[in-house]
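Same order as they appear, the protein sequences are chains A and B. Counted the way this note's numbering counts, the first sequence spans residues 8 to 217. Counted the way this note's numbering counts, the second sequence spans residues 8 to 217.
Treat each hint with caution, since some may be false.
For identical chains, the list gives no copy identity; a pair is met inside one copy or between any two copies.
[Said to hold, decoys possible] Here are the computed lysine to any residue pairs in the SDA-like style, where the Cα-Cα straight-line distance is at most 25 Å:
{"id": "1", "residue 1": "Lys193", "residue 2": "Tyr128"}
{"id": "2", "residue 1": "Lys193", "residue 2": "Pro130"}
{"id": "3", "residue 1": "Lys62", "residue 2": "Leu186"}
{"id": "4", "residue 1": "Lys193", "residue 2": "Pro127"}
{"id": "5", "residue 1": "Lys193", "residue 2": "Glu138"}
The set of hints was computed from the structure by calculation and includes no laboratory data.
Chain by chain, the residues run as shown.
Protein chains: 2
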Amino acid sequence: MSDTAPADRSETQEAIMAATYRALCKHGYANLTTQAIADEFDKTKAVLHYHYDTKDDLLAAFLEYLLDRFAAHADVDHHEDPRKRLLTIVDRLLFGRDADNESSYWEFQTAMLAVRAQAPYTPAYREQFAENYGFVHETVAGTIADGIDQGIFRDADPERLATLVLSTIQGARTNRIVLDDPAVTKETHEALVTYFDAVLVRDGADGLVE
Amino acid sequence: MSDTAPADRSETQEAIMAATYRALCKHGYANLTTQAIADEFDKTKAVLHYHYDTKDDLLAAFLEYLLDRFAAHADVDHHEDPRKRLLTIVDRLLFGRDADNESSYWEFQTAMLAVRAQAPYTPAYREQFAENYGFVHETVAGTIADGIDQGIFRDADPERLATLVLSTIQGARTNRIVLDDPAVTKETHEALVTYFDAVLVRDGADGLVE
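Can you build the whole structure from these sequences, using the hints too?
This is the structure:
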C-alpha cells in the first residue's frame with residue numbers, strides 16, 4: 008500500500024479531474040469532449056490542452072485520480088476491525104456510498120464501463136486499470152489476511168478470495184448497468200455477505216451483517 | 008426454460024450469424040462493418056442489408072443467436088447430476104469450452120464487452136441482454152434448486168445464489184479482458200468451486216472438484 012502515494016497535482020489539475028468526473032456522468036465516455044469538460048469548470052479548453060495532450064492522456068490521469076481517492080479512504084480504515092473494513096470496501100465499490108448520491112454513481116459507472124471496454128485498445132488505460140486493480144486487490148487481500156491473523160476469519164487463501172471478491176463486484180456492476188436492474192447489486196451484496204459469514208468468519212465470531 | 012424456443016432462422020441468416028461471430032473476433036465491435044462481416048462468408052453486403060436494416064438490428068439478432076446456442080447446450084445437460092451441471096455452466100461461461108479454442112473466445116468476449124458497454128444507449132441490445140441473462144439465471148437457479156431437492160445441496164436461496172454466480176462470472180470476464188490477465192479467471196474459478204463445496208454441497212456428498 009505504501010508505494011502508492013497520491014499524485015502531486017496542482018489545484019488546476021484537481022479541478023480538471025473533478026470536472027471530468029461530472030462530464031463523464033453527464034455525457035458518457037463516447038461523448039466526452041474537451042468542451043464538455045471545460046463547461047464543467049471555469050477554465051477554457053486551452054487549459055485542458057495545456058495539461059493533457061490527448062483525451063487518452065486525460066482519461067489515464069483521471070483513472071490515477073480515482074485510485075488516489077480510493078487510497079485516501081482505504082488508509083483511514085486501516086486500524087478498524089477486518090470485518091468492518093471488508094464490508095466498507097464492498098459497500099463502497101458496489102454502491103459508491105462515498106459518492107454524492109447513488110444515481111450519479113451509476114451514471115459514472117456506466118461511463119466507466121465504456122472506458123474499461125476501451126482498455127484492450129488503449130495501453131495507457133490498461134496500465135492504469137492494472138495499477139488500480141492491484142491496489143484494491145492488495146487492500147482486500149490484506150484485510151482478509153489481517154482477519155485470519157487475528158483469529159476472526161478462518162484459514163483461507165487471501166489472494167484468491169480477493170480475486171473472487173473483485174470479480175463479483177465488477178460483474179455485479181456490469182450486469183446492473185447492462186440490464187439497468189438495481190436488484191443485481193442488491194442480491195449480489197446479500198449473497199456475498201452471506202458467503203463471508205458462512206465461509207470466512209470463524210464460528211463464534213460476529214458476522215459481517217450490521 | 009420452455010418459452011425460449013430457438014429462433015426460426017434461414018440458412019443464410021445462420022451463415023450471417025456465424026460470419027458476425029468471426030468478424031467480431033477479428034475486428035472488435037467498434038470496427039464491425041457490414042463489409043467485415045460480408046468478407047467472412049460468400050455473400051455480398053446487399054444480402055446483409057436485405058436481412059437486417061441496421062448494425063443495431065444485426066447485433067440484437069446476434070445476441071439472440073448466442074442465447075439459442077447456450078439454450079441448445081443447456082438442454083442436453085438437463086438430466087445430469089446438479090453438481091456436474093453447475094460446474095459445466097460455470098466452465099463454459101468462464102472459459103468458453105464449447106468454443107473452438109480459448110484464445111478466440113477471449114477475442115470474442117473482448118468484442119462483447121464493447122457491446123455490453125453500448126447497452127445503456129441501445130434499447131435493442133439491453134432487451135436482448137436481459138432475455139439472455141434471464142435464461143442463464145433461470146438455468147443456474149434451477150440447477151441449484153434441483154440440487155437442494157435431491158438433498159445434495161444445502162438449503163439456500165437459488166435465485167440469490169444464481170445472481171452471485173452470474174455477477175462473479177461476468178466480473179471475472181471483464182477484469183480478465185481489461186487487465187489481459189488469465190490468472191483472474193483461473194483464480195475466480197478455483198475460489199468459486201471452493202465456495203460451492205464449502206457452502207452449497209451438503210456434508211458427506213461429493214464436492215464439485217473433478
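Up to 25 Å CA-CA - Pro130 versus Lys193, copy category: Only across copies: Lys193 and Pro130 sit 23 Å apart there, 33 Å inside one copy, limit 25 Å.
Intra- versus inter-copy proximity for Pro127 and Lys193 (alpha-carbon distance at most 25 Å): Close across copies (19 Å), not inside one copy (29 Å); limit 25 Å.
Within, between, both or neither, where Lys193 and Tyr128 count as close if Cα-Cα is 25 Å or less: So Lys193 and Tyr128 pass the 25 Å test across copies only (23 Å; inside, 32 Å).
Alpha-carbon proximity between Lys62 and Leu186, which holds within one copy, between copies, both or neither at 25 Å: Classified as between: cross-chain Cα gap 20 Å, same-chain 28 Å, threshold 25 Å.
Alpha-carbon proximity context of Lys193 and Glu138, limit 25 Å: Answer is between: at 20 Å across copies they meet the 25 Å cutoff, but 28 Å inside does not.
Every hint, counting from the list given before, is met by this structure.
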